[in-house]
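*Asks:* This is what each chain is made of:
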Amino acid sequence: MNQKVIKIKEIENLLSRKIMDIYKYQLKHQLTNISYKLLDHTLIVFLEGTITSPEKLLKKNNSSYLAKQVREVIDSAIRPQIKRVIEEVLDVKVVDFLSDTTIDHDLTGAIAIFEFKPNKISKYYKS
Amino acid sequence: MGNNLPTSGQLERSLAQTIQGFYRRQLGHQPSRVTCQFFDAKLVIILEDSITNAEQILIEEGKEELAEEVRSNLDDAIQPELKQLIEEIIQVKIIDLLSDVTFNTGRAGIIAILSEIPKVRNPQSISKSKPNKS
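So the protein sequences, as listed, match chains P and R. Residues 1 to 127 in the working numbering are what the first sequence lists, from first letter to last. Residues 128 to 261 in the working numbering are what the second sequence lists, from first letter to last.
Hint data in this document are derived by calculation from the structure and do not stem from the laboratory. Hints may be right or wrong, so weigh each one.
[As the list claims (entries may be wrong)] Computed list of lysine-lysine pairs in DSSO-like fashion (alpha-carbon distance at most 30 Å, straight line):
id: 1; chain 1: R; residue 1: K220; chain 2: P; residue 2: K60
id: 2; chain 1: R; residue 1: K246; chain 2: P; residue 2: K59
id: 3; chain 1: R; residue 1: K246; chain 2: P; residue 2: K60
id: 4; chain 1: P; residue 1: K37; chain 2: R; residue 2: K220
id: 5; chain 1: P; residue 1: K59; chain 2: R; residue 2: K210
id: 6; chain 1: P; residue 1: K83; chain 2: R; residue 2: K210
id: 7; chain 1: R; residue 1: K246; chain 2: P; residue 2: K37
id: 8; chain 1: P; residue 1: K93; chain 2: R; residue 2: K220
id: 9; chain 1: P; residue 1: K9; chain 2: R; residue 2: K246
id: 10; chain 1: P; residue 1: K56; chain 2: R; residue 2: K220
id: 11; chain 1: R; residue 1: K190; chain 2: P; residue 2: K83
id: 12; chain 1: R; residue 1: K246; chain 2: P; residue 2: K68
[To be verified] Just the calculated beta-carbon pair ranges, DEER-fashion:
id: 13; chain 1: P; residue 1: E72; chain 2: R; residue 2: L212; range: 23 to 33 Å
id: 14; chain 1: P; residue 1: L66; chain 2: R; residue 2: L201; range: 41 to 51 Å
id: 15; chain 1: P; residue 1: V95; chain 2: R; residue 2: E187; range: 33 to 43 Å
id: 16; chain 1: R; residue 1: N131; chain 2: P; residue 2: R84; range: 42 to 52 Å
[Unchecked claim] Coverage of chain R stretches by chain P, computed from C-beta distances (three or more under 8 Å per stretch; other residues unrestricted):
id: 17; region: 182-189
id: 18; region: 217-228
id: 19; region: 245-252
Values in this document were obtained by computation on a predicted structure and should not be read as measured data. Backbone N, C-alpha and C fix where the C-beta goes; we use that ideal spot for every residue, glycine too.
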């Protein structure tokens, strides 16, 4: 494995660990997987297994609307923390952070837009 | 046979142009730029300058909550047709659609969860290709 691939893996692993910690400490919940794609000024993140047991139980008991409301509040609380982690790890300023969650597919998608192309990582990502 | 298929870039460009036109027709407001990018069995769409003038006035008048409600209802209203439009172009079923918008920047993001990776001439590039803009 070349140095470039190793460095990307290191950065992604650090990001994943910090994002997983947010869910672990705030919600006592374990995410199953996190994947990334970096474009010029944009990082796309997919968090799998984001839905907590209470939300699943609500949905199962025909309280989908309440589960959605709960998820909106959880996402609002978690969103700034994930944004901060991305800024810290990649040493960038995130000027826009868009995210949404599907309870049905137990998945959260996020789009982070950077002010500038991140120097710390782009040299490793650029093909 | 594979040569008749579009490349992922062609598909992303075609999607970007179609989506831009769709928003103009539906909301009377054209996003200044639409970027589409496939990522495995997902399609990520970023719309710049996506806020309509009516929503903009609501925000300027301090009615942000109403603006959010309006946006949520507009999304609900246009998403079935948007979904159908994307499915027709990529020939793959969308199983879920995620969306979010930031009023400050006017930027909107949509993520379509696909039933499978679209058939393209260069499938290996789907998680590596550069974004295509309109």
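*Asks:* If a hint holds in the structure, say so; if it does not, say that too.
*Replies:* Verification of the hints:
no.	hint	result
1	R:K220 - P:K60	holds (25 Å)
2	R:K246 - P:K59	violated (34 Å)
3	R:K246 - P:K60	violated (35 Å)
4	P:K37 - R:K220	holds (22 Å)
5	P:K59 - R:K210	holds (24 Å)
6	P:K83 - R:K210	holds (28 Å)
7	R:K246 - P:K37	holds (20 Å)
8	P:K93 - R:K220	violated (36 Å)
9	P:K9 - R:K246	holds (28 Å)
10	P:K56 - R:K220	holds (25 Å)
11	R:K190 - P:K83	holds (26 Å)
12	R:K246 - P:K68	violated (33 Å)
13	P:E72 - R:L212: 23 to 33 Å	holds (27 Å)
14	P:L66 - R:L201: 41 to 51 Å	violated (24 Å)
15	P:V95 - R:E187: 33 to 43 Å	violated (21 Å)
16	R:N131 - P:R84: 42 to 52 Å	holds (47 Å)
17	182-189	violated (count 0)
18	217-228	holds (count 6)
19	245-252	violated (count 0)
The structure fails hints 2, 3, 8, 12, 14, 15, 17 and 19 (numbered hints given earlier, in ascending order).
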